[in-house]
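Let the sequences and hints guide you as you build the complete structure.
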Amino acid sequence: MLDIWREKAIVRFDCIDRSDRLTLGGIFSFFQEAAISHATNLGVGRDVMESSKQAWVLSRLSLFVERRPVYRETIEVSTWPRCWEKLFALRDFTIRDSKGDIVVRGRSAWLVLDIEKRRPLRAQSFMEGLPPNHDVDAFPVGAAGLNPRENLTKSGERKALYYDIDYYGHANNARYIQWMQDATDMDIHTNAAQMRLDINYLSEVLPGETVEIWTCPIEGITGDQDYPVSSGPSLAYEGRRPGGEAQNTAVFRAELYTGR
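0 is the number of the first residue of the sequence shown in numbering that gives the first Met the number 0; add one for each residue after it.
One thing to keep in mind: the hints can contain errors.
Below, simulated DMTMM-like cross-link-like pairs (lysine to aspartate or glutamate); rule was C-alpha separation at most 20 Å, straight line [said to hold, decoys possible]:
{"#": "1", "residue 1": "85", "residue 2": "113"}
{"#": "2", "residue 1": "7", "residue 2": "65"}
{"#": "3", "residue 1": "153", "residue 2": "65"}
{"#": "4", "residue 1": "153", "residue 2": "208"}
{"#": "5", "residue 1": "52", "residue 2": "113"}
{"#": "6", "residue 1": "7", "residue 2": "75"}
{"#": "7", "residue 1": "116", "residue 2": "165"}
{"#": "8", "residue 1": "85", "residue 2": "32"}
{"#": "9", "residue 1": "153", "residue 2": "6"}
{"#": "10", "residue 1": "52", "residue 2": "165"}
{"#": "11", "residue 1": "7", "residue 2": "113"}
{"#": "12", "residue 1": "52", "residue 2": "115"}
{"#": "13", "residue 1": "98", "residue 2": "75"}
{"#": "14", "residue 1": "116", "residue 2": "46"}
{"#": "15", "residue 1": "116", "residue 2": "49"}
{"#": "16", "residue 1": "116", "residue 2": "203"}
{"#": "17", "residue 1": "7", "residue 2": "72"}
{"#": "18", "residue 1": "153", "residue 2": "127"}
{"#": "19", "residue 1": "158", "residue 2": "208"}
{"#": "20", "residue 1": "85", "residue 2": "46"}
{"#": "21", "residue 1": "7", "residue 2": "32"}
{"#": "22", "residue 1": "98", "residue 2": "65"}
{"#": "23", "residue 1": "158", "residue 2": "136"}
{"#": "24", "residue 1": "98", "residue 2": "115"}
{"#": "25", "residue 1": "7", "residue 2": "127"}
{"#": "26", "residue 1": "52", "residue 2": "203"}
{"#": "27", "residue 1": "98", "residue 2": "6"}
{"#": "28", "residue 1": "153", "residue 2": "218"}
{"#": "29", "residue 1": "158", "residue 2": "218"}
{"#": "30", "residue 1": "153", "residue 2": "181"}
{"#": "31", "residue 1": "158", "residue 2": "211"}
Simulated DEER-style distance windows between Cβ atoms [claimed, not checked]:
{"#": "32", "residue 1": "69", "residue 2": "185", "range": "17 to 27 Å"}
{"#": "33", "residue 1": "7", "residue 2": "149", "range": "43 to 53 Å"}
{"#": "34", "residue 1": "134", "residue 2": "6", "range": "20 to 30 Å"}
Derived by calculation from the structure, the hints in this document are not laboratory data.
A quick note: this is a predicted structure, and the numbers were derived from the prediction, not measured.
All C-beta atoms, glycine included, are put in the ideal place defined by N, C-alpha and C.
Encoded structure:
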């Protein structure tokens, strides 16, 4: 078993935008693949979990992009588990460039889901046999809960279709990021040199379901003094099922800060 999983990759054409740089959606895809590979190496991968009718589900993720790698750039994606907090299993990520400098940092919180009952299980029993990596900290502040915001306005809606649905029969976590990007002025993402994103996944989205995307501007900078982003547009997002009370229909909340 490897305490820290590392894999080389090349920034693909389908992971860049008009600026020729890696997108948020592309970062999520690299993180996801590395996490799956490492879980398999540690003996808690998809096949093992499925044999007990369980699955890993992403609940929260925070990332800080110091620099966006460019098309065809060689990068190294690393990931490792970091113990647990109550129901959540924590996992960190980094992306390094060819010089070995960290250009992206991430911290995530995962739930172990009972597939049949669709209920979370305690992560401690799954994490006790895994390397804790106490002294390897990619992102000291991250993966915290986000509170509802006022003054949100509807920016669009998306229906979960074939491309959005993953192996577990619900919308993949990276699709939520793409829905956010599509509900935003294209230039905000294209012009961003640095980014800080926090996202909470509150409810799964099933095939055919419609999600309304609500947004509002954020004033000021992130509360993280170690990784502030302040010079570009910043937005709060909330995905909702149509109808009913807003808080009862939320499927995700996110905050994006950009810098130029």
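- Take the C-beta atom of residue 7 and the C-beta atom of residue 149, compute their distance, and say whether it sits inside 43 to 53 Å. 45 Å, holds
- Query: If you draw a straight line from the CA of residue 7 to the CA of residue 32, is it 20 Å or shorter?
  - Reply: This hinted pair holds, its Cα atoms lying about 12 Å apart.
- Message: Tell me if the straight-line CA distance from residue 52 to residue 113 falls inside 20 Å.
- Response: 6 Å, holds
- Item | Given pair status - residue 46, residue 85, alpha carbons within 20 Å | 25 Å, violated
- Query: Is the Cα-Cα distance between residue 7 and residue 75 20 Å or less?
  - Reply: This hinted pair holds, its Cα atoms lying about 4 Å apart.
- Hinted pair residue 153 and residue 127, Cα distance within 20 Å: 43 Å, violated
- For the pair we were handed, residue 98 and residue 65, check the Cα-Cα distance against 20 Å. 14 Å, holds
- Message: Check whether the Cα positions of residue 158 and residue 218 lie no farther apart than 20 Å.
- Response: Outside the cut-off at roughly 30 Å; violated.
- Sort out whether residue 203 lies within 20 Å of residue 116, counting only the CA atoms. Given that 20 Å is the threshold and the Cα spacing comes to 13 Å, the pair holds.
- Between residue 85 and residue 32, is the straight-line Cα distance small enough, at 20 Å or below? Roughly 25 Å separates the two Cα atoms, so the pair is violated.
- Does residue 165 lie within 20 Å of residue 52 when you go C-alpha to C-alpha? Between residue 52 and residue 165 the Cα gap is close to 17 Å, so the pair holds against 20 Å.
- For the pair supplied as a hint, residue 7 and residue 113, confirm whether the alpha-carbon distance does not exceed 20 Å. 33 Å, violated
The structure shown violates the earlier hints numbered 3, 8, 9, 11, 18, 20, 23, 24, 25, 29.
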